[in-house]
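Listed here are the chains, written in short residue letters.
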Amino acid sequence: MLARLVVILALALLAARPAGAQGFAGLGSTAAAEGFATPSPDTRLSFPRDHGPHPDFRIEWWYLTANLTGPDGTDYGVQWTLFRTALALGEAEGWASPQIWMGHAAATTPQHHYFAERLARGGIGQAGVHSDPFEAWIDGWQMAGEDFDSLRLTARGAEFAYDLTLSAEGPLVLQGVNGYSVKSADGQASHYYSQPHYRIEGTLTLPSGPVAVSGQGWLDREWSSQPLAADQTGWDWFSLSFDSGAHLMGFRLRGARGDFTSGTWIAPDGSATPLAPGAFQAAPLELADVAGRQIPIRWRVTLPERGLDVEVSPLNRQSWMGTRFPYWEGPVRVTGSHAGRGYLEMTGYE
Amino acid sequence: MIGAALQALASHWRRHPLQLGTLLAGLALATALWSAVQAINAEARASYARAASQIGGATLDVLEAPGGPMSRARYVALRRAGWQLSPVLEGRTRLGEEQVTLLGLDPLTHPPLPAFEAAMQADQATLAQMLTQGGLLLASPELVSALKDVPGLPPLRASDSVPPGMVITDIGLAERLLARPDQIDRLLILPQQPMQLTPLDQLAPDLQRRASRAGADTARLTDSFHLNLTAFGLLSFAVGLFIVHGTVGLAFEQRRAMVRTLRALGLPVWLLAALMLAELLALALVGGLLGLGLGYLVAAALLPDVAATLRGLYGAPVAGGLSLRPSWIVGGLAMALIGTLAASAQALWRMLRMPLLAAPGLQAWAQRAAQGDRRMALAGLGLIAAGIAALALIKGLIGGFALIAGLMLGAALLLPPVLAALLGLGRHLTRGPLGEWLWADTRAQLPGIGLALMALLLALAANIGVGTMVSSFRLTFTGWLDQRLVSELYLTARDDAQGAEIARWLAPRSDAVLPIRAAEFTVQGNPVTVYGVVDHPTYRDNWPLLDRTPDAWAQVNAGQGVFINEQLARRADLWPGDVVQLAPGWVLPVAGVYSDYGNPTGQAITALPALLTHARAVPNRRFGVRIVPEAVPDLIEALRAKFDLPASALIDQAGLKSRSLAVFDKTFVVTGALNLLTLGVAGFAILTSLLTLWSLRLPQLAPVWALGLTRGRLARLELARSLLLATFTALLALPLGLALAWVLLAVINVQAFGWRLPMYLFPLDWLRLFLLALLAAGLAAALPARRLYRLPPSELLKVFANAR
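Here the protein sequences come in this chain order: V and Z. Every letter in the first sequence is one number past the one before it in our numbering, and letter 12, counting from 1, is 12. Every letter in the second sequence is one number past the one before it in our numbering, and letter 768, counting from 1, is 768.
Only chain V is shown next, with the shape it has when bound in the complex (with noise of 0.2 Å):
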């Protein structure tokens, strides 16, 4: 899932505007890879080791995404994120520490879409990432349980709160092949799983009050170094839950030289399939006023070989991210051949 790479302060951190030149968020920039280790296709993932940090990639990160509904049937979305990027290699004591983290949280309500960010220093124990007992946090946000399959996922906002439990009804999908996740036609990739089978439980807290929600969740694991190449300036990114028990995951990377689309198809008992270049396609149907740009918020997705042609629409319009790299991500609703729900994420919109 790489469309998360919007976490890379790297070099640009407090920088006002993304330096589009490089890619967005400079994740395209090769000199910060220098010295970082590179994916290999022939790393094979250990579990519950490889849920933790590896900070010899540069940039890594835990990515939950909830689809949730309350008592009355008002649907909900709930998004849980910890990046990290290393401004260089290694990992030291205190503040000598060249590990950056930052968190994103965000509840989206059809009204309205509340947001938060933080950031913190690697070292001195603000945040950071254990493998086993599971513990991802950054100041008082949490996702942590006994395993993998159980956590508990805590945020909290000036405007909202989120208290909930996951557990998960289903095995892990490697996405790629073995894990190994293809980003460009140069042969940029990335580490990357998932755990698409949260079954949520918990409490949402607005300003209007608490509401019990209960619901779905994807959590995406991904670390790489040098994820983009050096033209793609953005992606559109979705991550599709059916009612049929299947998923998909599916992107689309925008270049100078063109789009380079991949994804992942889950069946209902986990298996999972890599797609091939071009195979998945989405289309914009609608463009809105976003924070005065103009996002697609309405698209045509299709996958033939699966008889997929569906058209996703967002539960809320205005799911924008204004955090030091704005994006736009919230949850969306499926209609068409396949119904269902899911979430999406575009990046690089000018």
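It is worth saying that the hints were derived from the structure and are not from the lab. Treat the hints with care, as some may be off.
[To be verified] Okay, the calculated beta carbon distance ranges per label pair:
id, chain 1, residue 1, chain 2, residue 2, range
1, Z, Asp-644, V, Leu-45, 45 to 53 Å
2, V, Asp-72, Z, Asp-201, 32 to 40 Å
3, Z, Asp-201, V, Gly-322, 31 to 39 Å
4, Z, Val-150, V, Gln-294, 31 to 39 Å
5, Z, Ala-81, V, Pro-210, 14 to 22 Å
[Stated by the list, open to error] Taking beta-carbon pairs under 7 Å as the criterion, some of the chain Z residues facing chain V (in silico):
id, residue
6, Val-76
7, Arg-80
8, Ile-171
Glycine included, C-beta positions come from ideal geometry on N, C-alpha and C.
Chain V is fixed; fit chain Z onto it per the hints.
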């Protein structure tokens, strides 16, 4: 009619260009010194405000531990409880030859900071550089150029958004440079907090939340300094106004005949008054503008020294450059206008009430003024009494200055009656007509020259008072340095580990190695540096105690007592026998009070083990080394070679003393300059008085000349008369100056700095000043005397021909 009246009024100045010049010069001088001081104050205050905004978080509340710094773990625990906070570590340290304030921040959590934004704008890699290995120091361009050759410093980056004298850097690097690992001084409470937080008083009951005081500390410390400057400016202004008062009075007097003629021609008195007022205001405007230009030059010349003083003494960030502010221009002109009106009101009023047909006696002005002797004496005594009452009623700095104002103005008003009495006495003691005439004539001149003499009195008294204060201070300070700086060598290690290593190495090579270790605490809301000392005769034998309990040193060495410096003792009213709370659970009796002229803040001393129990991570980098003085150079060489220490890390006693004295002298450069300028203005006042009196006196001199006294003799007598008056004034200025010195030392210094200084007398300085006063008076009288000497006899004869 108006045009004709204006022409008539202007004709006076055409005929008396010198008078016009004097008036303008008086106005310009008064405005110049006043506005120079204002410009300096405004620039310094603007610097403080700019620094506060550049440091950022100026409006945010702050969380602090009362007993000194808190640990990093404490910060992280509060962050993990959800509170949005940003840590700050701040300290004074020496980089190369520069004493700087080092501000360590966490760039990721700190609210937007102009220095960061600007640096990031210029180079996007700034943040990465700041947070990784090498680090980055942001400083003003001046500081960067001063530091650029210091070896071993992290990379420097110049930024206009960093206050002068300050280095902003990442908190991790600040920990290393200040040798304060794992410490945080305060936490900024960020504006946006998440919902459902546990209140801070439950999470951290021992931490204190307080409103931001960015810049407030500087303002508190430097207030007295600025008040001092303002008082000086006001004094100069007053002296300048004496000139204006004298010349305006004379000009109006000389125009009596013209005024009468104009009114007889039908010019309404209100119109005449309005025209004269307009004339005065126009003159005030011109003089004020001249003064502003002059004041700007004076301020620009003095500001670098003021800035150096404020930085050195208080660590206050002041830039050396002066900028022109509209408010300053308006304020200076307003002051010139108000001053002119105040100085001319009397003359204008008298002119309006003058009966149309009154005899046009030129003497009227002078004689009437003489009648007021008794009233002036009473008013003078009243002012002095009011000043004393003000000090009793309004405690503090303002009261002290009120006393000075009362004393000075009162003494000035007393001067003419006292001089009159002295001259009267002289006349009784003299035989012969010429002597009697001389005394009587001098007495008759007194009203005309009295104001100038008052100015001289004030200037001389200020010189004696301030000079005595500064010299006493310097003498005390030098003696104190001798007592306080006992160790032969002072050294600063790079870090605690090296410090320990050096101490071990030095132990067999010196008589004693005395660690200098301190931590910050808060007493009654003010920061106090607490030093921990080891039990060694060096302290017992030399420490300058002002007051103590009988077994003071035993108490302190046992950790059962604390010495506090005089500033803290006076501010908090703590004396031997009282107890002081340094931290929660750490209460010690005050065993003694010591004098401390090195800084304006509070300080305390107790046993090192006691300090180490109550403070965390006290740095151990500074040491005093006792050794025979002859061995110091070799030891410095050996230390430098063995531990690779920079030159600035090793300072011998003599070096430290001369550096301290240099800072001290710098502090009073401005005072000295203003002092001299005031005396110059007073000398000028005498000159103008004598010059204006000159034309009035011809009718009085002519009969004496006609009786057979030569012009040369008359000229010499004129000169002697001036010297006589100056001598009397200078003699009277001495007690006034000493009284002023006493107020400065015993009242103003205690309020401004928190220490009371003993007063020493410097008769040689008085003698020099006395000669200077005679010189000024002599020079001022020389010009009119020379004119008299060269005056064609026909002019003197005309007096009889034109007998009015």
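To see whether the hints hold, each was checked on the structure:
no. : hint                                : result
1   : Asp-644/Z <-> Leu-45/V: 45 to 53 Å  : 49 Å, holds
2   : Asp-72/V <-> Asp-201/Z: 32 to 40 Å  : 39 Å, holds
3   : Asp-201/Z <-> Gly-322/V: 31 to 39 Å : 33 Å, holds
4   : Val-150/Z <-> Gln-294/V: 31 to 39 Å : 53 Å, violated
5   : Ala-81/Z <-> Pro-210/V: 14 to 22 Å  : 20 Å, holds
6   : Val-76                              : 5 Å, holds
7   : Arg-80                              : 6 Å, holds
8   : Ile-171                             : 6 Å, holds
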